[in-house]
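All chains, please: the whole structure from these sequences, using the hints.
Here is what each chain is made of, one letter per residue.
Number of protein chains: 2
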Amino acid sequence: MKKSAIILLSGGLDSTTCAAIAKNEGYDIYCLSFNYGQRHITELEACKRVANYFSAKEHLIINIDLRVLGGSALTSGIEVPKHRDSETMNKEIPVTYVPARNTIFLSYALAFAEVREVDHIFIGVNAIDYSGYPDCRPEFIRAFEHTAHLGTKAGVEGKSNLKIHTPLINLSKAEIIKLGVKLGVDYSITHSCYDPKEDGNSCGECDSCLLRIRGFQEAGLTDPLNY
Amino acid sequence: MKKSAIILLSGGLDSTTCAAIAKNEGYDIYCLSFNYGQRHITELEACKRVANYFSAKEHLIINIDLRVLGGSALTSGIEVPKHRDSETMNKEIPVTYVPARNTIFLSYALAFAEVREVDHIFIGVNAIDYSGYPDCRPEFIRAFEHTAHLGTKAGVEGKSNLKIHTPLINLSKAEIIKLGVKLGVDYSITHSCYDPKEDGNSCGECDSCLLRIRGFQEAGLTDPLNY
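Heads up: the sequence lines are chains A and B, in that order. In this text, residue positions in the first sequence follow the working numbering: the first is 1, and each later residue adds one. In this text, residue positions in the second sequence follow the working numbering: the first is 1, and each later residue adds one.
One or more of the hints may lead you astray.
Stated by the list, open to error - Taking lysine-lysine and the DSSO-like style, the derived pairs with C-alpha atoms no more than 30 Å apart in a straight line are:
1. A/LYS3 x A/LYS23
2. B/LYS163 x A/LYS163
3. B/LYS182 x B/LYS3
4. B/LYS3 x B/LYS57
5. A/LYS153 x B/LYS163
6. A/LYS153 x A/LYS57
7. A/LYS163 x B/LYS153
8. B/LYS153 x B/LYS2
9. B/LYS23 x B/LYS153
It is worth saying that the hints were derived from the structure and are not from the lab.
Next up, the structure:
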């Protein structure tokens, strides 16, 4: 039987590289994306392109309304910060932080995995260029995995083999890009910007764009996106 | 400053008793309910009555689409089992089990708690009459609490005081009812049935009805609901 994996897919550099890694390791992939009131539909379009690119067996897009919770520039009216230097990015938890986002995303991935009888979940969290999000830390991921073992039918029956893979956790953005390129990823299909311009192009000024641009520079490669 | 708590509220006996306990302990309460494609709106109406009864500071109802995941009689077309004896109920994980449901619900509660700066979450899980759900076990709750500490802003800053309260975890249904009655709960506003009749009355035959009916009998009290 072919092994299968759920890929948490945002359509950005990291989750796309995760999908490439899983594919390369021989997994059949099931993509899981979220429509959580993103200000632009550009992100979901990138998700669909990526799922298609990797011939996902299924691409599930779940509508979740995080806007009711407020508290983040990504889902409410707060302005997305621009031109922050990397020291600030790494020190401060940014306003783009969505409370408990990865906990919610992983919970849905767990449900999807349970229903499809899939034992592997890939999530592109990163503890290096992680832009200050608490739920990207390795200790958080291991704790969630443990919780998942206990909270599922398979866990009760002593049959849970669920594993959460975080292949990017110790890589710099440049290393992620170099790895992806080595695996043949076409990054022109991805999307990273928190605050795209009206023509759909990336702003080039938000944390996510700055990390991406710097990543390509450090990798000595050309970013195929227009800014 | 008055202490506050998020109550995960389904409008049933257990979550309603949880709300009564939190109120009685002096918490201001924030109720959190989910609309997850229940086959009947009766459950959400009960949630609203209960939130109102306890003068909740806020009652947030989040729409989540668990139907896309399939796999449960509560959210898909599978028939709700009737007249199961208690031995079967306690041994088998029932078809009414929704994969990762409490993990998803607690994740939203965590986000709500973080945004409202609330440190307490009450969930009416029960390890005695728990009807076979893996995510009602104490070890699952403790693991989730640990994950929550690691996955939030307050956790990173070493300031997380988040506590998940499970005041019913070791009580029988009869004990829960007796406790609620002592605290003055009017159980006529609650709703337990998995499969209500067309007139809105409870079926009296599903696991949830059977546990409720037996609970009132064992408590020597009269269930105010019509069957």
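Against the structure, the hints come out as follows:
1. A/LYS3 x A/LYS23: 10 Å, holds
2. B/LYS163 x A/LYS163: 27 Å, holds
3. B/LYS182 x B/LYS3: Since the Cα atoms of B/LYS182 and B/LYS3 sit roughly 23 Å apart, the hinted pair holds (cutoff 30 Å).
4. B/LYS3 x B/LYS57: 12 Å, holds
5. A/LYS153 x B/LYS163: OK: A/LYS153 and B/LYS163 at ~25 Å, within 30 Å.
6. A/LYS153 x A/LYS57: 24 Å, holds
7. A/LYS163 x B/LYS153: Cα-Cα ~25 Å, so holds.
8. B/LYS153 x B/LYS2: Judged against 30 Å, a Cα distance of about 22 Å means the pair holds.
9. B/LYS23 x B/LYS153: 27 Å, holds
Taken one by one, the earlier hints all hold for this structure without exception.
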